[in-house]
Amino acid sequence: MRRMRRNVLRGGYGFIAVAVLLIPLSLKPADTLPTQIPDAAFWRMVTDFSEEAGSFRFQYMSNEREFAPLIPELKKSTKPGGVYLGVGPEQNFSYITALRPRIAFIFDIRRENMLEHLIYKAVFEMSPNRVEFISRLFSRGAPAGLSDKSTVKALFEAFGRVPRDARLSTQNLQAIKDHLIKDRRFFLTRQDQSDIDAVYRTFFDAGPGVPYPERNFGGFYGGSYADLMMATDDDGQPRSYLASEDSFQFLREMQRRNLIVPLVGNFAGTKAIRAASGYLKEHQATVTTFYTSNV
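Under the working numbering, the sequence shown has 45 at position 60, and the numbering climbs by one with no breaks.
Calculated from the structure, these hints are not laboratory results.
Glycine is no exception: its CB is placed at the ideal position from the N, C-alpha and C atoms.
Keep in mind that the hints are not guaranteed to be accurate.
Subject to a maximum C-alpha distance of 30 angstroms in a straight line, what follows is the list of computed BS3-like cross-link-like pairs (lysine-lysine) [claimed, not checked]:
| hint | residue 1 | residue 2 |
| --- | --- | --- |
| 1 | Lys266 | Lys256 |
| 2 | Lys256 | Lys162 |
| 3 | Lys266 | Lys138 |
| 4 | Lys134 | Lys60 |
| 5 | Lys61 | Lys134 |
| 6 | Lys138 | Lys64 |
| 7 | Lys134 | Lys64 |
| 8 | Lys266 | Lys60 |
| 9 | Lys138 | Lys61 |
| 10 | Lys266 | Lys61 |
| 11 | Lys64 | Lys266 |
| 12 | Lys138 | Lys60 |
| 13 | Lys167 | Lys256 |
Beta-carbon label-pair distances, calculated as ranges [stated by the list, open to error]:
| hint | residue 1 | residue 2 | range |
| --- | --- | --- | --- |
| 14 | Lys64 | Gln222 | 18 to 26 angstroms |
| 15 | Ala129 | Gly66 | 33 to 41 angstroms |
| 16 | Asp16 | Leu153 | 41 to 49 angstroms |
Work out the full structure: start from the sequences and follow the hints.
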């Protein structure tokens, strides 16, 4: 029989609800989720499952600085190999790499969020390691002396001393769009490409160490990208998706296999969540994590 356990966790910088479906293994049918989704099928999912975009202030990164202490408890209560449903920008990556699902769907009513995830997808796929990933994401040259063994703190302290590079940004942006349009053959409208330009420009302007403008929500300060990536749990262990090379490589492989699917849609909407649910039902898959957030 099924039973549902709901963990409702409040951090100082956001509201997180994680619903875990627990099904005894003897009664759970084997799912038929693919280990890789072809490019054309992935793009059909992005376009066919998505709804019309809504109007809401776009935030290019999370304001949830207290996510890290939640992760150890979530790992205890969630078995890997399930399905992840989430919302918002990069904080999903930290939960995904901790919980290790087979596939992830990320929803947001803002189309810019879907396009931002496509930027991430391209940067992940083009970057063989964390150093090159951070360099491409923020258009800063890679500092000397960093390696796969470098701590996340060492990474961002080193990149914090590197000035932004406008020429590198131009090259990176073109490479991102070429990768999505020419290599992956995703159809991006002129407006989509213009929005990608704007989102990527935000990463270039803000950089990893500068607090994002208007990052004060209800009296809580969201901090910089580096702050989020260096966040630690109660035992002082970093828990972000860039905390280790292993975490980064897990996400990179999911991206390369098209297993992180960004959708335009609202959890309360009439299309996106239902379309994703239909796909999961067709493949007899179980949702193990359901994450919601204010950003």
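Checklist entry - Between Asp16 and Leu153, does the beta-carbon spacing fit 41 to 49 angstroms? => result The hint (41 to 49 angstroms, Cβ to Cβ) holds, given that Asp16 and Leu153 are roughly 42 angstroms apart.
Next on the checklist: With the threshold set at 30 angstroms, check whether the alpha-carbon distance from Lys64 to Lys266 stays at or below it.
Outcome noted: Holds. Lys64 to Lys266 sits at ~19 angstroms (cutoff 30 angstroms).
Checklist entry - Do the alpha carbons of Lys138 and Lys61 lie within 30 angstroms of each other, as the hint requires? => result holds (26 angstroms)
Checklist entry - Quick one, are Lys266 and Lys61 close enough, alpha carbons at most 30 angstroms? => result It holds: about 26 angstroms lies between the C-alpha atoms, which stays within 30 angstroms.
Item to check | Pairwise hint evaluation, Lys256 against Lys167, where the allowed Cα distance is 30 angstroms at most | outcome: Since the Cα atoms of Lys167 and Lys256 sit roughly 29 angstroms apart, the hinted pair holds (cutoff 30 angstroms).
Item to check | Agreement of Lys61 and Lys134 with the hint, judged by alpha carbon distance not exceeding 30 angstroms | outcome: holds (26 angstroms)
Checklist entry - Is it true that the CA of Lys134 sits at most 30 angstroms from the CA of Lys60? => result holds (24 angstroms)
Checklist entry - Is Lys266 close enough to Lys256, meaning Cα to Cα at most 30 angstroms? => result Answer holds: Lys266 to Lys256 is near 15 angstroms, not above 30 angstroms.
Checklist entry - If you check the beta carbons of Lys64 and Gln222, does the distance land in 18 to 26 angstroms? => result holds (21 angstroms)
Item to check | Distance restraint between Lys134 and Lys64, which requires alpha-carbon spacing of 30 angstroms or less | outcome: This hinted pair holds, its Cα atoms lying about 27 angstroms apart.
Checklist entry - Under the criterion that the straight-line Cα-Cα distance not exceed 30 angstroms, is the pair Lys256, Lys162 satisfied? => result Within the cut-off at roughly 28 angstroms; holds.
Next on the checklist: What's the verdict on Lys138 and Lys60, does the C-alpha distance respect the 30 angstroms limit or exceed it?
Outcome noted: Roughly 23 angstroms separates the two Cα atoms, so the pair holds.
In this structure, the one hint that does not hold is number 3.
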